[in-house]
Amino acid sequence: MPIISMFYGIIIMMVYDEGSRHYLPHVHVRAAEHTASISILNAEIIAGSLPPKKLALVRAWIILHEEELMTNWDLCRKHQTPVPLSPLQ
Numbered sequence: 001m002p003i004i005s006m007f008y009g010i011i012i013m014m015v016y017d018e019g020s021r022h023y024l025p026h027v028h029v030r031a032a033e034h035t036a037s038i039s040i041l042n043a044e045i046i047a048g049s050l051p052p053k054k055l056a057l058v059r060a061w062i063i064l065h066e067e068e069l070m071t072n073w074d075l076c077r078k079h080q081t082p083v084p085l086s087p088l089q
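This note's numbering puts the sequence shown at residues 1 to 89.
Bear in mind the hints are in silico, worked out from the structure with no lab data behind them. Every residue, glycine too, gets a C-beta built ideally from N, C-alpha and C. You may find that some hints are simply not true.
Okay, the calculated beta carbon distance ranges per label pair [as the list claims (entries may be wrong)]:
(1) A60 to I3: 25 to 31 Å
(2) I11 to E44: 33 to 39 Å
(3) G9 to K78: 27 to 33 Å
(4) A32 to D74: 17 to 23 Å
(5) A47 to F7: 20 to 26 Å
(6) K78 to P51: 15 to 21 Å
(7) K53 to S86: 27 to 33 Å
(8) H79 to S37: 18 to 24 Å
(9) K78 to A32: 29 to 35 Å
(10) V15 to L64: 31 to 37 Å
(11) N42 to S86: 31 to 37 Å
(12) K78 to P52: 20 to 26 Å
(13) T35 to P87: 14 to 20 Å
(14) A56 to K78: 17 to 23 Å
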């Protein structure tokens with residue numbers, strides 16, 4: 001699963017696997033022992049959990065990069081590698 005950004009101990013990844021539940025545009029997030037899938041469309045958790053402070057950082061990052069994330073999602077749907085995005089600063 002390609003890493004597209006890392007910041008404040010948070011790793012953001014994106015993958016598309018046809019035939020599974022990967023129809024909704026989302027990112028996979030890992031922060032220490034926590035993992036979650038988060039929608040690009042509304043920055044809500046689809047699966048898993050994150051500590052509230054980490055979730056707030058990820059939501060802010062998604063809002064800043066929504067257009068780029070959707071472009072990356074389109075690349076993944078074509079089984080192409082997503083482009084790395086700048087971290088939250």
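Hint check results:
| no. | hint | result |
| --- | --- | --- |
| 1 | A60 to I3: 25 to 31 Å | 19 Å, violated |
| 2 | I11 to E44: 33 to 39 Å | 19 Å, violated |
| 3 | G9 to K78: 27 to 33 Å | 31 Å, holds |
| 4 | A32 to D74: 17 to 23 Å | 31 Å, violated |
| 5 | A47 to F7: 20 to 26 Å | 21 Å, holds |
| 6 | K78 to P51: 15 to 21 Å | 34 Å, violated |
| 7 | K53 to S86: 27 to 33 Å | 20 Å, violated |
| 8 | H79 to S37: 18 to 24 Å | 19 Å, holds |
| 9 | K78 to A32: 29 to 35 Å | 32 Å, holds |
| 10 | V15 to L64: 31 to 37 Å | 21 Å, violated |
| 11 | N42 to S86: 31 to 37 Å | 22 Å, violated |
| 12 | K78 to P52: 20 to 26 Å | 35 Å, violated |
| 13 | T35 to P87: 14 to 20 Å | 19 Å, holds |
| 14 | A56 to K78: 17 to 23 Å | 32 Å, violated |
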